[in-house]
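Here is how the chains run, residue by residue.
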Amino acid sequence: QVQLQLAGPRLVKPSQTLSLTCAISGDSVSSDRSAWTWIRQSPSRGLEWLGRTYYRSQWFHDYAVSLKSRISIDPDTSKNQFSLHLNSVTPEDTAVYYCARWDHDHSYVDFWGQGTLVTVSS
Amino acid sequence: QSVLTQPPSASGTPGQRVTISCSGSYSNLGIKTASWYQHLPGSAPKVLIYYDDKRPSGVPDRFSGSKSGTSASLAISGLQSEDEADYYCASWDNSLSGVVFGGGTKLTVL
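From first to last, the protein sequence lines are chains A and Y.
Sequential numbering from 1 applies to the first sequence in this note's numbering.
Sequential numbering from 1 applies to the second sequence in this note's numbering.
Keep in mind the hints are simulated off the structure, nothing from the lab.
One should not assume that every hint holds.
[Stated by the list, open to error] Label-pair distances were calculated between CB atoms; the ranges are:
#: 1; chain 1: Y; residue 1: Leu40; chain 2: A; residue 2: Arg10; range: 20 to 26 Å
#: 2; chain 1: A; residue 1: Gly8; chain 2: Y; residue 2: Pro14; range: 25 to 31 Å
#: 3; chain 1: A; residue 1: Thr116; chain 2: Y; residue 2: Lys106; range: 22 to 28 Å
#: 4; chain 1: A; residue 1: Gln3; chain 2: Y; residue 2: Thr108; range: 30 to 36 Å
On a predicted model such as this, the values are computed, not experimentally measured, just so you know.
Cβ coordinates follow ideal geometry from the N, Cα and C atoms, glycine included.
Use the sequences and the hints to build the structure in full.
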């Protein structure tokens, strides 16, 4: 059974960088059948896919078009985890953030982390 | 404005059958599969349907999915009070090179 444990600050100041990590157990961040994904949920925007990282002989990244200029998702093979960095945040980035596993073969999110509310406020 | 279009709300009485629609375009539902998620407040979303019509183990067979062209549907039969939740459809979008979600449908059990 895959488990995803999310960690990071719950409060970030405007213009700073939001950073979260997601520790994986029961699978490998280097798995060739999974993609490691960040999704957020807010009352105004519902569920929003942020991006993913995955390994297929080399590392690949895909990011939401609206966030491409200020997002990075990075794997850490030594700790079997992946991280989200979203810079220049505004109150619009306030949301519940989820890390998740995307099943590459069947194109769906099969495992979700517990979610954490991150508030952007001074 | 979400790439996939869902009705904002739906409702039914216990025991009824309810259907939630999800409309997309060629670059997503037209050539890629649909998945459906149930989201209860305070919990992570849970997958109900993947690959258009497949149910993960543990999901009751009251939940079923279908797709035709660029539209997908989630049907819930034998509606129960615990089905009251938000429901989201999702698909990969080839033009955007990313996952797109519907705006969500709030299901009320009357």
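Hint-by-hint comparison with the structure:
1. Y:Leu40 x A:Arg10: 20 to 26 Å: 21 Å, holds
2. A:Gly8 x Y:Pro14: 25 to 31 Å: 41 Å, violated
3. A:Thr116 x Y:Lys106: 22 to 28 Å: Between Thr116 of chain A and Lys106 of chain Y, where Cβ atoms are some 23 Å apart, the hint holds.
4. A:Gln3 x Y:Thr108: 30 to 36 Å: 32 Å, holds
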